[in-house]
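Novice: The residues making up each chain are set out below.
Number of protein chains: 4
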Amino acid sequence: MNDLLKIADKEFNSRLFTGTGKFSSNNLMSEALKASESELITVALKRVDVDNSQDKMLQSIMRPKVNLLPNTSGVRDAKEAVFAAQLAREALETNWIKLEIHPDPKYLLPDPIETLKAAEELVKLGFVVMPYIHADPVLCKRLEDVGTQCVMPLGAPIGTNKGIKTLDFLEIIIEQSNVPVIVDAGIGSPSHAAYAMELGADAVLVNTAIAVSKNPTQMAVAFKMAVEAGRMAFNAKLASVKKHAEASSPLTSFLN
Amino acid sequence: MNDLLKIADKEFNSRLFTGTGKFSSNNLMSEALKASESELITVALKRVDVDNSQDKMLQSIMRPKVNLLPNTSGVRDAKEAVFAAQLAREALETNWIKLEIHPDPKYLLPDPIETLKAAEELVKLGFVVMPYIHADPVLCKRLEDVGTQCVMPLGAPIGTNKGIKTLDFLEIIIEQSNVPVIVDAGIGSPSHAAYAMELGADAVLVNTAIAVSKNPTQMAVAFKMAVEAGRMAFNAKLASVKKHAEASSPLTSFLN
Amino acid sequence: MNDLLKIADKEFNSRLFTGTGKFSSNNLMSEALKASESELITVALKRVDVDNSQDKMLQSIMRPKVNLLPNTSGVRDAKEAVFAAQLAREALETNWIKLEIHPDPKYLLPDPIETLKAAEELVKLGFVVMPYIHADPVLCKRLEDVGTQCVMPLGAPIGTNKGIKTLDFLEIIIEQSNVPVIVDAGIGSPSHAAYAMELGADAVLVNTAIAVSKNPTQMAVAFKMAVEAGRMAFNAKLASVKKHAEASSPLTSFLN
Amino acid sequence: MNDLLKIADKEFNSRLFTGTGKFSSNNLMSEALKASESELITVALKRVDVDNSQDKMLQSIMRPKVNLLPNTSGVRDAKEAVFAAQLAREALETNWIKLEIHPDPKYLLPDPIETLKAAEELVKLGFVVMPYIHADPVLCKRLEDVGTQCVMPLGAPIGTNKGIKTLDFLEIIIEQSNVPVIVDAGIGSPSHAAYAMELGADAVLVNTAIAVSKNPTQMAVAFKMAVEAGRMAFNAKLASVKKHAEASSPLTSFLN
Numbered sequence: 001m002n003d004l005l006k007i008a009d010k011e012f013n014s015r016l017f018t019g020t021g022k023f024s025s026n027n028l029m030s031e032a033l034k035a036s037e038s039e040l041i042t043v044a045l046k047r048v049d050v051d052n053s054q055d056k057m058l059q060s061i062m063r064p065k066v067n068l069l070p071n072t073s074g075v076r077d078a079k080e081a082v083f084a085a086q087l088a089r090e091a092l093e094t095n096w097i098k099l100e101i102h103p104d105p106k107y108l109l110p111d112p113i114e115t116l117k118a119a120e121e122l123v124k125l126g127f128v129v130m131p132y133i134h135a136d137p138v139l140c141k142r143l144e145d146v147g148t149q150c151v152m153p154l155g156a157p158i159g160t161n162k163g164i165k166t167l168d169f170l171e172i173i174i175e176q177s178n179v180p181v182i183v184d185a186g187i188g189s190p191s192h193a194a195y196a197m198e199l200g201a202d203a204v205l206v207n208t209a210i211a212v213s214k215n216p217t218q219m220a221v222a223f224k225m226a227v228e229a230g231r232m233a234f235n236a237k238l239a240s241v242k243k244h245a246e247a248s249s250p251l252t253s254f255l256n
Numbered sequence: 001m002n003d004l005l006k007i008a009d010k011e012f013n014s015r016l017f018t019g020t021g022k023f024s025s026n027n028l029m030s031e032a033l034k035a036s037e038s039e040l041i042t043v044a045l046k047r048v049d050v051d052n053s054q055d056k057m058l059q060s061i062m063r064p065k066v067n068l069l070p071n072t073s074g075v076r077d078a079k080e081a082v083f084a085a086q087l088a089r090e091a092l093e094t095n096w097i098k099l100e101i102h103p104d105p106k107y108l109l110p111d112p113i114e115t116l117k118a119a120e121e122l123v124k125l126g127f128v129v130m131p132y133i134h135a136d137p138v139l140c141k142r143l144e145d146v147g148t149q150c151v152m153p154l155g156a157p158i159g160t161n162k163g164i165k166t167l168d169f170l171e172i173i174i175e176q177s178n179v180p181v182i183v184d185a186g187i188g189s190p191s192h193a194a195y196a197m198e199l200g201a202d203a204v205l206v207n208t209a210i211a212v213s214k215n216p217t218q219m220a221v222a223f224k225m226a227v228e229a230g231r232m233a234f235n236a237k238l239a240s241v242k243k244h245a246e247a248s249s250p251l252t253s254f255l256n
Numbered sequence: 001m002n003d004l005l006k007i008a009d010k011e012f013n014s015r016l017f018t019g020t021g022k023f024s025s026n027n028l029m030s031e032a033l034k035a036s037e038s039e040l041i042t043v044a045l046k047r048v049d050v051d052n053s054q055d056k057m058l059q060s061i062m063r064p065k066v067n068l069l070p071n072t073s074g075v076r077d078a079k080e081a082v083f084a085a086q087l088a089r090e091a092l093e094t095n096w097i098k099l100e101i102h103p104d105p106k107y108l109l110p111d112p113i114e115t116l117k118a119a120e121e122l123v124k125l126g127f128v129v130m131p132y133i134h135a136d137p138v139l140c141k142r143l144e145d146v147g148t149q150c151v152m153p154l155g156a157p158i159g160t161n162k163g164i165k166t167l168d169f170l171e172i173i174i175e176q177s178n179v180p181v182i183v184d185a186g187i188g189s190p191s192h193a194a195y196a197m198e199l200g201a202d203a204v205l206v207n208t209a210i211a212v213s214k215n216p217t218q219m220a221v222a223f224k225m226a227v228e229a230g231r232m233a234f235n236a237k238l239a240s241v242k243k244h245a246e247a248s249s250p251l252t253s254f255l256n
Numbered sequence: 001m002n003d004l005l006k007i008a009d010k011e012f013n014s015r016l017f018t019g020t021g022k023f024s025s026n027n028l029m030s031e032a033l034k035a036s037e038s039e040l041i042t043v044a045l046k047r048v049d050v051d052n053s054q055d056k057m058l059q060s061i062m063r064p065k066v067n068l069l070p071n072t073s074g075v076r077d078a079k080e081a082v083f084a085a086q087l088a089r090e091a092l093e094t095n096w097i098k099l100e101i102h103p104d105p106k107y108l109l110p111d112p113i114e115t116l117k118a119a120e121e122l123v124k125l126g127f128v129v130m131p132y133i134h135a136d137p138v139l140c141k142r143l144e145d146v147g148t149q150c151v152m153p154l155g156a157p158i159g160t161n162k163g164i165k166t167l168d169f170l171e172i173i174i175e176q177s178n179v180p181v182i183v184d185a186g187i188g189s190p191s192h193a194a195y196a197m198e199l200g201a202d203a204v205l206v207n208t209a210i211a212v213s214k215n216p217t218q219m220a221v222a223f224k225m226a227v228e229a230g231r232m233a234f235n236a237k238l239a240s241v242k243k244h245a246e247a248s249s250p251l252t253s254f255l256n
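Protein chains in written order, with UniProt numbering: chain V, 1 to 256; chain Y, 1 to 256; chain D, 1 to 256; chain L, 1 to 256.
Simulated from the structure, these hints should not be mistaken for laboratory data. C-beta atoms are modelled at their ideal positions from N, C-alpha and C, and glycine is treated no differently.
Footprint (simulated), chain L over chain V, 3 or more residues, beta carbon under 8 Å:
(1) 105-118
(2) 136-142
(3) 159-173
Start from the sequences and build out the full structure, keeping to the hints where you can.
Specialist: In structure tokens, the structure reads:
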């Protein structure tokens, strides 16, 4: 079955996007990300040595079919975000940018105002913008209106592993969106990832849950399979929730 | 990795057990069950033509490595259950029995008293007893005490596809049990199955959610992958749930 | 409005039943239970000095309209329970008994088999039996069948304050029961109590959540009000859950 | 106990704010709102006959201690909102305004960008601004920064009666806010309202759940009591959630 995900001009076989934070070593990260079969990997610009084309972390990620997605993590407003995106474009030679603007250092929650402002400007500057945002359906529509190529609503506060805590809003976003919906942040286990896909999300982004596992590579495989399972179930249509059982067959009187 | 599930004297590669109710045709069932790679398939004795060794339904299920698990669905008390189990043993040449006693035709919920009584007697009669029960930790211990080879607590009322609605009790059962814990009933999507496995369940039994899907074979594959993903995640240890984020790296001042 | 709760031959104005464990002093307990306006208060037989009619704890509870409900907490099987109930009847001069049989000292979860056995015997011995049980709809029907005057399914493991974690089963119990349904155990806040009442429970029993509060008397009043609020809402019929809004009025063009 | 809620220069005895939509008659509304003891009642400007000081609906609401809170429901952007607020100030002689900007007619979800823009301008124009918003912690801080006197995050999409579906975010908002937090939208039953108050919300706004009940007056009383109960419980400090029971007293050997 051909079930590719298309964002801007790129097609992805894998609907599992991954991140590079919190791994205990570059080796472990490299092995886990390879096992995940992820084709889009986000990397914080602030962690890249932009003056060094031999940056160790980047080298440990890159493989054929893998696309780098620099992110603006660490910026506090639209102006800083736009500057960071431009730096990233130059250093990493990609016009894709994961837009993250979270002024609060405790919960790292995104700023809707600055994100929209930066998105609008970055689109004009020719970027493929992937904005990390609250699961706010109206904001999603506004981002789509200014030309972002997808929206990335959160499932729960980043790093909490709480799962899909924004269900009622994700459902609306998925219903209304004309661009791919990628659930970002909060996904702490393969079942969460499968659930997001069953709801109709186009992809998920997972970082912490893989990176901090006792066995990141095995966990990466688990996420890969769960994302595929959730997508297959979405395509095959899930059974509806019922209030009570329907006997699976007439109760015959074979005992009498 | 060797991660076989052992029940009584049998070992299973697959932790996805399946059922045979509600499929729209034997062909569809056959194809879906094969795709699921399930090695233990339950079949209601009442649906088998016990006098006909060429029973079509059974023929459509059997493959190498597949074990039949007759169930007593339709009986109302311990006496009927024991009688049905004996019939099944003779007709299907197996001493394995899935013990289901549900007097109420609407919700098909199991009777704890009759189930324990029948289990005790069936164990004495040499059966491998797999009892379908409420997620009642004390009942699980009592069944284990009379010699059942596993326990099969429900996730939600059967046929409802509601998922894991007995979480707080499943966790206790898994913590306390010395026999395999198989979550039976209520599992309506791959994410539910993955979740049960992540909690530490030893296996899940899925029927309705596969059988009534628009595409049972694809759904069977989705469940197969989700169960494997959940098991892998359990083995690799999930990240713990946090109250808030920890910044994935120091916020450097690269922008200044 | 006359909305009394009747159990056996007694009528209750208050649908908040209370317990006597874990209070830091008899004085605090006395004040809190008075403030709760509870008319049925359970007391562990093991904590009563049965040879002393001047037992301090009992004296601190009793007021006009208050009924004592001895419980069998601490017994491990039906035989011990029946013996304890008889002791209680003699010592406290009441034939009401809260039947609690929980062999496991960690979770204090009830034993369905021993509870049914003891209930049957106690009913024959003339007791008004109020059994504490898992939220198991089939067990509830069986207890009703042997003559218990109510059923007391748990909301969550006792002492956990987790709230209503057995929703799907409580709904079935309430739908099917011909005797009052009293949600016992797990209720940790007034909102939990209100929720149980909104579902159609006839009463709730609260102990830990009042006793261990920083201000037990104020918490007792909060529970009293929440139980009344939940009952009123049940009687007034709650609005149904909708998938989306209906605009509260036509969107007129007053701005144009 | 003195536990008044202060917003701007006004003090409220009641923490239940109410609305005026969807009642089947002015009489029923008048009776229910009186029974609720609410002291702040919101009214859609679009529903008021602004040229008629004898407007029937307004007359049916007003009582001593009741404050009218005009809302901008029906506007689509900041400009319309500011205009509507000015109209309301003139017509209803109050500088309080509930700011609602929801461009989508199906879910009526608020627009974060337009809301912040309008809020900033309205504060400069001397309004007491009460903004209805998504449960977005960063947006709440930004609104506080421009001078709104409170924030009104939603519990669930308006009119759905789904309850508190934004828990993880409301907790952060309550933790971080320096202005009162009023949970608006989604509250469908008294238990939901009590729950919001237990979390530490300063007030709740309820409309649909009262208006569409079979008995609005009784439901209004139920909400009033639930809000008080939740507030009392918050002040008295709730017991913490535990993983398992602690036996309520030593298990003595009275039976031996």
